[in-house]
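4 protein chains.
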Amino acid sequence: MNDINRLVFTSDYTEGAHPAILEKLIETNMLKSAGYGLDEFSDSARKKIRTACDAPEADVFFLAGGTQANAVVIASLLRPYQGVIAADSGHISVHEAGAIEFGGHKVLTLPHKDGKITAAGIAEFAEEYERDENHDHMVMPGMVYISQPTEFGTLYSLEELKEISETCRRNRLFLYLDGARLAYALACPENDAKLPDLASLCDVFYIGGTKCGTLFGEAVVIPRHDTIPHLFTMIKQHGALLAKGRVVGIQFDTLFTDELYLKIGSPAITEAERIRKALIVKGYRLAFPSPTNQIFILLDKSRAEELSEKVELGFWENADEDHVIMRIATSWATQSADVDRLMEIL
Amino acid sequence: MNDINRLVFTSDYTEGAHPAILEKLIETNMLKSAGYGLDEFSDSARKKIRTACDAPEADVFFLAGGTQANAVVIASLLRPYQGVIAADSGHISVHEAGAIEFGGHKVLTLPHKDGKITAAGIAEFAEEYERDENHDHMVMPGMVYISQPTEFGTLYSLEELKEISETCRRNRLFLYLDGARLAYALACPENDAKLPDLASLCDVFYIGGTKCGTLFGEAVVIPRHDTIPHLFTMIKQHGALLAKGRVVGIQFDTLFTDELYLKIGSPAITEAERIRKALIVKGYRLAFPSPTNQIFILLDKSRAEELSEKVELGFWENADEDHVIMRIATSWATQSADVDRLMEIL
Amino acid sequence: MNDINRLVFTSDYTEGAHPAILEKLIETNMLKSAGYGLDEFSDSARKKIRTACDAPEADVFFLAGGTQANAVVIASLLRPYQGVIAADSGHISVHEAGAIEFGGHKVLTLPHKDGKITAAGIAEFAEEYERDENHDHMVMPGMVYISQPTEFGTLYSLEELKEISETCRRNRLFLYLDGARLAYALACPENDAKLPDLASLCDVFYIGGTKCGTLFGEAVVIPRHDTIPHLFTMIKQHGALLAKGRVVGIQFDTLFTDELYLKIGSPAITEAERIRKALIVKGYRLAFPSPTNQIFILLDKSRAEELSEKVELGFWENADEDHVIMRIATSWATQSADVDRLMEIL
Amino acid sequence: MNDINRLVFTSDYTEGAHPAILEKLIETNMLKSAGYGLDEFSDSARKKIRTACDAPEADVFFLAGGTQANAVVIASLLRPYQGVIAADSGHISVHEAGAIEFGGHKVLTLPHKDGKITAAGIAEFAEEYERDENHDHMVMPGMVYISQPTEFGTLYSLEELKEISETCRRNRLFLYLDGARLAYALACPENDAKLPDLASLCDVFYIGGTKCGTLFGEAVVIPRHDTIPHLFTMIKQHGALLAKGRVVGIQFDTLFTDELYLKIGSPAITEAERIRKALIVKGYRLAFPSPTNQIFILLDKSRAEELSEKVELGFWENADEDHVIMRIATSWATQSADVDRLMEIL
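Chains as they are written, first to last, in our numbering: chain A, 19 to 364; chain B, 19 to 364; chain C, 19 to 364; chain D, 19 to 364.
None of the hints are false.
Short, incomplete list of chain B residues facing chain C, as computed with Cβ under 7 angstroms:
| id | residue |
| --- | --- |
| 1 | His113 |
| 2 | Ala115 |
| 3 | Gly116 |
| 4 | Glu119 |
| 5 | Phe120 |
| 6 | Gly122 |
| 7 | His123 |
| 8 | Lys124 |
| 9 | Arg149 |
| 10 | Glu151 |
| 11 | His155 |
| 12 | Val157 |
| 13 | Phe333 |
| 14 | Asn336 |
Calculated pairs, DSSO-like style, for lysine-lysine (alpha carbon to alpha carbon, straight line, at most 27 angstroms):
| id | chain 1 | residue 1 | chain 2 | residue 2 |
| --- | --- | --- | --- | --- |
| 15 | C | Lys300 | C | Lys328 |
| 16 | A | Lys131 | A | Lys180 |
| 17 | A | Lys66 | A | Lys180 |
| 18 | C | Lys131 | C | Lys180 |
| 19 | D | Lys42 | C | Lys42 |
| 20 | B | Lys42 | A | Lys42 |
| 21 | C | Lys131 | B | Lys131 |
| 22 | D | Lys131 | A | Lys131 |
| 23 | B | Lys131 | B | Lys295 |
| 24 | D | Lys180 | D | Lys212 |
In short, the hints are calculated from the structure, not lab data. As the structure is a prediction and not an experimental result, all values here were calculated from the model. Just so you know, even glycine gets a beta-carbon here, dropped at the ideal spot from N, CA and C.
Work out the full structure, taking the sequences as your base and the hints as a guide.
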């Protein structure tokens, strides 16, 4: 793996942290602070995030990872008789090993289009639930989960998010946005949904760290204070409260200093765009129209194996008996020289 | 908090990481590796831990924190009809916000003596369960949870651990040891239970990192391979699988290089011993006979307030209306000069 | 067991149903009605219960059994970060196989006195929780569970219940009363807490059927409408919604016709009183000062075995190596002639 | 509802119990017996069921209802990392208010054809899971749930069940069959899967009582003894253990005396067949090709309303904006005269 000559484009979490983060960790290392996120570094990060989101009353909690954030938020927001609406391709629907069900809740899936669901689809589901004479025997939809960018690298437009948000409010559904790769949305020229938009449209969202330059850690933002009373205790109950909470606090403090978070995804987008163009020119078939840092290509299995000898790609899924979907992911850490080499190989 | 002149003895997680760990994180930062603990750093750490524990077949998993380790291990080991025996002062009994119950299991408490339970107490509980004609209506004890050092800083002797282990096996109870502060046991002259002893006596134990010099992270050790099938998936299900698993792997790889883990607690023990002697000389009342890095003193509330103006101590609990138990904790990072100043104040 | 000459005093659920109930089931058998408790028999029973409780707005739900009622009510009332305070001898603490923990909640036990807890004990617990600086790491008490009569056959006086209720409201704790054997309290001359008192003092309570003359079934009463929104769906989710809900409805409709429920326990109390007096005269040691239909006697094991050859008693628990506590239970179905025979044997 | 002239075909649980059951309840009413299913009536019923199923080693448990049986069996059979495969139209997928997820498990849905899933569909799902390189991040299929008859009244043939069973064993999946309406399958001329077939092909199945002539109650059959260790305790934990277990035992003892269970569904099948023929003659559109006691018709909403003035039908679901699917259900209690009247109305 550490073969320095090996090309690796498997994911956006193959390296450690952005240098600025490491520096800050070194600089603060021997300072003493309170535990459990009650430290001044976490406080500072919270303030900067509130400012960046234009959400002065927001509650902000720092958790270790994305599945954890999803599990804690969903279990804490929903009442026992409720479930969460999500795309059938959503991370919580497929790749979280049943974390939402472990917390006692059903994932109510809608068919996706390029990883996205629509306001119309949500409204139809909620209205059909209301109309069903047997709905007291069914799981009530209580919230909506979307990812930005989606698991396929696609983006919701601001307009789409507004419609979804309005639909949620009309149907008394909380709206929760999973921003595991949010930096890559924010750095994407196509994107028109900014942090303050998310804060105004969502009930909860998280700003991804792990895939966006931290060693680990995500920032859960709850724009309206006390939307989830006693969340601190529920975080503890989920085993998600970090004793040295400052370790995530320091990282997010750095990411939200000098707008680093808004810029950190740029190289990933630039390099992904170069790769995408090369792929198209060379006749590769892209599985999804993704403008962000993930590119999915549909390959013959034999071609996939051939490629894999020269460059490490991410396995995504078997498309059929003969074809496979492989993922090329760039990140804040991607080197242009590596992309050059990749393009040669392709 | 960062007032450089302020004395802080509240806990053993007030600083960042041991310098050797930070260095290793810096050195490896831009190397690429696989996610989810499948990287070479985690592999290396696992090998070193197996060697240190004399447990060549052990499964080793890296988690983010102690409550998380407890919640994952207990929920994964127990069958639904079983509960876990623990001291009523145990971390899982009191300070984990119901994490074990969230996972569906009852904590079956035994009265503690200085934070410890006994083989005899466990045997009596298990045998009474068997004898009770109504036991099919009751939670079956399925495992035993102990902490080393305990929450009060006391230690189980090797002899006591052997008796407990034997009792557990005779009664078909898994034995699980919470080693959140294990480095402080291992560095303590009084301690005679070494890592290979724990591996031979326990079904599962964890080697604490967060309180023993890492930024965060604990190493769960399962001496007999596949004692918990599919634990990887259950870790994911609990939201406890780190995408950049290497970040904990690297830290434990460092802790288990050149026996650092066996030595890292020494300064804490030395300084705690100095403080303890001073306290005794000055007539303070110690609440528990702890030989490790935590010292609990029983104080008048007024005296506690007075002290707190000069040095930050940890609140432990209200003893009665007029008295409070405060904790002085040393750590790998404690400075002798700070202890000098503390002793003057006392 | 059906040996017609065998004396049986093991419990108050050894027979079928009160004859009036069977008659009503026969009479209504071929009438058609809606399912899930939406039938006119259940409606009628609900109305009568509301009247008997002087609680015109009460929600009333019919469930199959007591553990089920406890599990559903507690899981539905509590938020995830909360637990339920109960006597350590309470049914939910000991004999429900972890049903409350299966629902994700901790039982916070208080020491009992003859099966009872006190307003002072509850207040102290709640206040200590508030005072504890670490309480955000602990399970918050969210409700109080008591049984009337208790598991040991003892009774709370109206005065005691008022104090408990007031303490609960002051500390924002729901008060839930388990009335599995409520008919035996209501029929007891010592009892001064009537149904309207319970409705005014409790947030939820259940009127026991299974042990008080029905084939099965309990009536959960929630005096203030919509205290638990969507409880119907949560009942379904717990597998506790009966398709032929009318079968319990009809039984409670009968029990609440002509005040049958207030009278059905009388023979049990009369016969228990005769047995109790005989026991005292003959020098038996009673384990608890119970005025209701359960009598607990402390016996040498050898004496217990001897007795068991002539009469079937209920095993309660091992008191120590040589002694056992056995239960004599009378019920609505107890025959005076059988009590005569029992008294001879004693 | 009890309007004696009103025609009701909404469901198969609109009446009480088969007369033979009521008689037996009356006859045994004042006999004393042990609680919790440990009585001689339940023992007798268990023996008769074992004989009828040709499964001499079978464990048999009596529960109160179908959702309860499903919730208990599935939560008890699965390990935490596993889920249950079911038709997307299955009762556990739609109409159990999230009972399976409340128990911590995901329902892994397959598309249905007339309410059925196929061996091929199951195999494909299981094999794709195995092939997926990310499957350790996903819920592992651990069992298969099917209903016989299905929720749409259709039947699996013996051949289909054999294929499904073989597929399950090859893929290490438990096979669980929900027999809520099993009597109507067994009474159906088209059916070729007998009770001994189910016992030989399934790991667990339940014989429905509530919809097949009892007041309430289902018999869970586990052909191989101790497939689910400590199930008694888990039943208690789910609040599903009846104190007067004999009440269900007596009912099943009656149903399995003189092969009543094999005959009880016959009138329902005969009458359903008459209705079905009349519907076809009159040009109604049947939504599913059901040969059992449930008939689903697709109606204009206006026509549905018109019909509903004269006969009570069951609402099934909205087919589209203008059409609705209504259910006509016959049962053991259906009167030919009522069917005559229904046919006139149609």
